[in-house]
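A.B. asks: Sequence:
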Amino acid sequence: STGERPFSSHCCVLSHSEEEVTFGGQGCAENDPEGLTCSSKSMPECLARMPWLLLLLISLGLFVLMLAILVQGQSGQGTQLVLNCCKPLLVVAVPHAQTHSLEQIQQQLTQINASLAGLCRPCPWDWELFQGSCYLFSRTLSSWEASATSCQDLGAHLVIINSVEEQRFMEYWNVRKKQRSWIGLSDLRHEGSWQWVDDTPLQLSFWKQGEPNNDEDEDCVELFTDEWNDNKCTEQNFWVCEQPSAPCPHH
280 STGERPFSSH CCVLSHSEEE VTFGGQGCAE NDPEGLTCSS KSMPECLARM
330 PWLLLLLISL GLFVLMLAIL VQGQSGQGTQ LVLNCCKPLL VVAVPHAQTH
380 SLEQIQQQLT QINASLAGLC RPCPWDWELF QGSCYLFSRT LSSWEASATS
430 CQDLGAHLVI INSVEEQRFM EYWNVRKKQR SWIGLSDLRH EGSWQWVDDT
480 PLQLSFWKQG EPNNDEDEDC VELFTDEWND NKCTEQNFWV CEQPSAPCPH
530 H
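Positions 280 to 530 (my numbering) are the ones given, in order, by the sequence shown.
None of these hints come from the bench; they were simulated from the model.
Where hints are given, some of them may not hold.
Ranges between beta-carbon positions, derived for each pair [stated by the list, open to error]:
{"hint": "1", "residue 1": "G489", "residue 2": "P526", "range": "39 to 45 Å"}
{"hint": "2", "residue 1": "P401", "residue 2": "T504", "range": "26 to 32 Å"}
{"hint": "3", "residue 1": "Q390", "residue 2": "Y451", "range": "36 to 42 Å"}
{"hint": "4", "residue 1": "L481", "residue 2": "T504", "range": "18 to 24 Å"}
{"hint": "5", "residue 1": "T479", "residue 2": "P401", "range": "21 to 27 Å"}
{"hint": "6", "residue 1": "R447", "residue 2": "Q488", "range": "14 to 20 Å"}
{"hint": "7", "residue 1": "L467", "residue 2": "T389", "range": "50 to 56 Å"}
{"hint": "8", "residue 1": "P526", "residue 2": "D496", "range": "38 to 44 Å"}
{"hint": "9", "residue 1": "D496", "residue 2": "V443", "range": "26 to 32 Å"}
{"hint": "10", "residue 1": "H436", "residue 2": "Q390", "range": "36 to 42 Å"}
{"hint": "11", "residue 1": "I384", "residue 2": "F342", "range": "56 to 62 Å"}
{"hint": "12", "residue 1": "P526", "residue 2": "L433", "range": "18 to 24 Å"}
{"hint": "13", "residue 1": "G489", "residue 2": "I439", "range": "22 to 28 Å"}
No residue lacks a Cβ here, since even glycine has one placed at the ideal position from N, Cα and C.
Please construct the entire structure, taking both the sequences and the accompanying hints into account.
C.D. replies: Set out below in structure tokens:
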């Protein structure tokens, strides 16, 4: 329009033509009732008239953009800080738990071993221990040969006395029970040649005075009170078996 007319502050100019259309005192585009499309001549006024929702969205977008830049700049440092904080817990806590468990198992095994050692018997039940050997004092009577067989059936042999200490040990048991007991000595193979049941010759002896006398063919030796006596092998006596002791754990 070329007429002289005061320019209303409420008008907008169409972006696609130079023609101005007025509705209710407001110059707006015919197809833009909200006044969103304006020409470059009225841009400052149109910016002032833009909806508040659009301005809010723009402000929010700028805020999000700034926040993203800030987070992106600090994310590396923050992640490293979290890792540095948690890494010691993972490295230290797990081995500590495993070590604690292993220590408990070792303590339990030690207690079990101690209990087993306390229960360990180097000799079978009813056998007596002395200087690394086990001795069984019979409660039945047998001939010398039957006694030797009974000891063999038990994995042992008739007692072989090799020292003064062993002789005293045998005297103690014999005197306490007041019985005659066969020992593993005889001259059955060769008269007058005394041998132990393991075929070793006699070296140390504890004969009674006047013994052995071979009265009526006495070829087997018995322990009577505190000394030895030769007697008939068919006599019924108690007997003593001997076998090595079994070592206990940690002994």
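A.B. asks: Each hint needs a verdict: does it hold in this structure or not?
C.D. replies: Against the structure, the hints:
1. At about 43 Å, the beta-carbon gap between G489 and P526 stays in the expected band of 39 to 45 Å.
2. For P401 paired with T504, a C-beta distance near 29 Å keeps the hint of 26 to 32 Å intact.
3. Against the hinted window of 36 to 42 Å, the Cβ-Cβ separation of Q390 and Y451 comes to about 37 Å, which satisfies the hint.
4. For the pair L481 and T504, the beta carbons lie near 20 Å from each other, so the given range of 18 to 24 Å is met.
5. One distance hint, 21 to 27 Å for the beta-carbon pair T479 and P401, holds here, with the actual separation near 24 Å.
6. Checked against the hint of 14 to 20 Å, the pair R447 and Q488 passes, with Cβ atoms roughly 19 Å apart.
7. About 53 Å separates the C-beta atoms of L467 and T389, a value consistent with the hinted range of 50 to 56 Å.
8. The hinted window of 38 to 44 Å between P526 and D496 holds, with their beta carbons roughly 43 Å apart.
9. Checked against the hint of 26 to 32 Å, the C-beta distance between D496 and V443 comes to roughly 30 Å, which is consistent with it.
10. Separation of H436 from Q390 is about 39 Å and conforms to the stated range, judged on CB atoms against 36 to 42 Å.
11. Checked against the hint of 56 to 62 Å, the pair I384 and F342 passes, with Cβ atoms roughly 60 Å apart.
12. Restraint check, P526 to L433: a C-beta distance of roughly 19 Å satisfies the suggested window 18 to 24 Å.
13. Taken as a hint, the range 22 to 28 Å holds for the pair G489 and I439, whose Cβ atoms sit roughly 24 Å apart.
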